[in-house]
Amino acid sequence: GAGVSQSPSNKVTEKGKDVELRCDPISGHTALYWYRQSLGQGLEFLIYFQGNSAPDKSGLPSDRFSAERTGGSVSTLTIQRTQQEDSAVYLCASSLALRRPRSTDTQYFGPGTRLTVL
Amino acid sequence: TQLLEQSPQFLSIQEGENLTVYCNSSSVFSSLQWYRQEPGEGPVLLVTVVTGGEVKKLKRLTFQFGDARKDSSLHITAAQPGDTGLYLCAGGGDSWGKLQFGAGTQVVVTP
Numbered sequence: 001g002a003g004v005s006q007s008p009s010n011k012v013t014e015k016g017k018d019v020e021l022r023c024d025p026i027s028g029h030t031a032l033y034w035y036r037q038s039l040g041q042g043l044e045f046l047i048y049f050q051g052n053s054a055p056d057k058s059g060l061p062s063d064r065f066s067a068e069r070t071g072g073s074v075s076t077l078t079i080q081r082t083q084q085e086d087s088a089v090y091l092c093a094s095s096l097a098l099r100r101p102r103s104t105d106t107q108y109f110g111p112g113t114r115l116t117v118l
Numbered sequence: 001t002q003l004l005e006q007s008p009q010f011l012s013i014q015e016g017e018n019l020t021v022y023c024n025s026s027s028v029f030s031s032l033q034w035y036r037q038e039p040g041e042g043p044v045l046l047v048t049v050v051t052g053g054e055v056k057k058l059k060r061l062t063f064q065f066g067d068a069r070k071d072s073s074l075h076i077t078a079a080q081p082g083d084t085g086l087y088l089c090a091g092g093g094d095s096w097g098k099l100q101f102g103a104g105t106q107v108v109v110t111p
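Residue numbers (our numbering), protein chains in the order written: chain A, 1 to 118; chain B, 1 to 111.
Keep in mind that a hint or two might mislead.
[Unchecked claim] With a cut-off of at most 35 angstroms between alpha-carbon atoms, the simulated DSBU-like pairs for lysine-lysine come out as follows:
| hint | chain 1 | residue 1 | chain 2 | residue 2 |
| --- | --- | --- | --- | --- |
| 1 | A | K57 | A | K15 |
| 2 | A | K57 | A | K11 |
| 3 | A | K15 | B | K70 |
| 4 | A | K57 | B | K56 |
| 5 | B | K98 | B | K70 |
| 6 | B | K57 | A | K11 |
| 7 | B | K56 | B | K98 |
| 8 | A | K57 | B | K70 |
| 9 | B | K70 | B | K56 |
| 10 | B | K59 | B | K98 |
| 11 | B | K57 | B | K70 |
| 12 | B | K59 | A | K57 |
| 13 | A | K17 | B | K98 |
| 14 | B | K57 | B | K98 |
| 15 | B | K59 | B | K70 |
| 16 | A | K17 | A | K57 |
I should point out that these hints are in silico values taken from the structure, not numbers from a laboratory.
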């Protein structure tokens, strides 16, 4: 079956440019998460969507980062005026949360987008 | 600052040997998950433990959650090259599905 897909798989951009990263979650999954993984670091939570509820943006590192989820499915993470410290792998995950997501839910991860800011 | 500290950071062993990876925190978690991540892929869930003192076995992998729910360990018996990967632990609280990840342990098993 189809898993979580992300595009592009690799993105090289110049400092100061805007980038958009896309995530297609597993069909029917109501919860969607964005994480960032820097070299030698674990996954850093960025933002979370659950159904039609307001997203939890508490992990976004600055106002240059934003994300939206259209129609409860596809999500786009946008980074404006990219900086070299934004270079990382950006991972998206989804889970089937029938009501309120729990930490014991299984999160299914996509392969990630490797972002390099020159 | 990592709430979850994993050790060692890197482990290289020969096929057939045993290994243990540790995940420690000063915080109490309601659940603890272990993931394995291979190059170019996202993490894949191996196990979830929720009860202090719980031990779960998955073939050659044994997972333990500390009595105080602050630490966990992953033990692999008779490691195989297919066990090579980055092992990540992630702690969950009582809130929604938010997880705190450790930095990971890179395991390399050579034939």
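Does K98/B lie within 35 angstroms of K59/B when you go C-alpha to C-alpha?
holds, 28 angstroms
Do the alpha carbons of K59/B and K57/A lie within 35 angstroms of each other, as the hint requires?
violated, 39 angstroms
Between K15/A and K70/B, is the straight-line Cα distance small enough, at 35 angstroms or below?
violated, 41 angstroms
With the threshold set at 35 angstroms, check whether the alpha-carbon distance from K98/B to K70/B stays at or below it.
At roughly 17 angstroms apart (the allowed maximum being 35 angstroms), K70/B and K98/B satisfy the hint.
For the pair supplied as a hint, K57/B and K98/B, confirm whether the alpha-carbon distance does not exceed 35 angstroms.
holds, 25 angstroms
Within 35 angstroms, alpha carbon to alpha carbon, are K59/B and K70/B?
Since the Cα atoms of K59/B and K70/B sit roughly 25 angstroms apart, the hinted pair holds (cutoff 35 angstroms).
Hinted pair, alpha-carbon criterion (35 angstroms max): K57/A, K15/A. Please report holds or violated.
This hinted pair holds, its Cα atoms lying about 24 angstroms apart.
Pair hint K70/B and K56/B, alpha-carbon separation not exceeding 35 angstroms
This hinted pair holds, its Cα atoms lying about 17 angstroms apart.
Under the criterion that the straight-line Cα-Cα distance not exceed 35 angstroms, is the pair K57/B, K11/A satisfied?
Violated. K57/B to K11/A sits at ~39 angstroms, over the 35 angstroms cutoff.
Holds or violated: K56/B to K98/B, with C-alpha atoms at most 35 angstroms apart:
With Cα atoms ~23 angstroms apart, K56/B and K98/B stay inside 35 angstroms; holds.
Is the Cα-Cα distance between K57/A and K56/B 35 angstroms or less?
Within the cut-off at roughly 34 angstroms; holds.
Hinted pair, alpha-carbon criterion (35 angstroms max): K17/A, K57/A. Please report holds or violated.
Holds, at roughly 22 angstroms.
Hint compliance for this structure: hints 3, 6, 12 are broken, all remaining hints hold.
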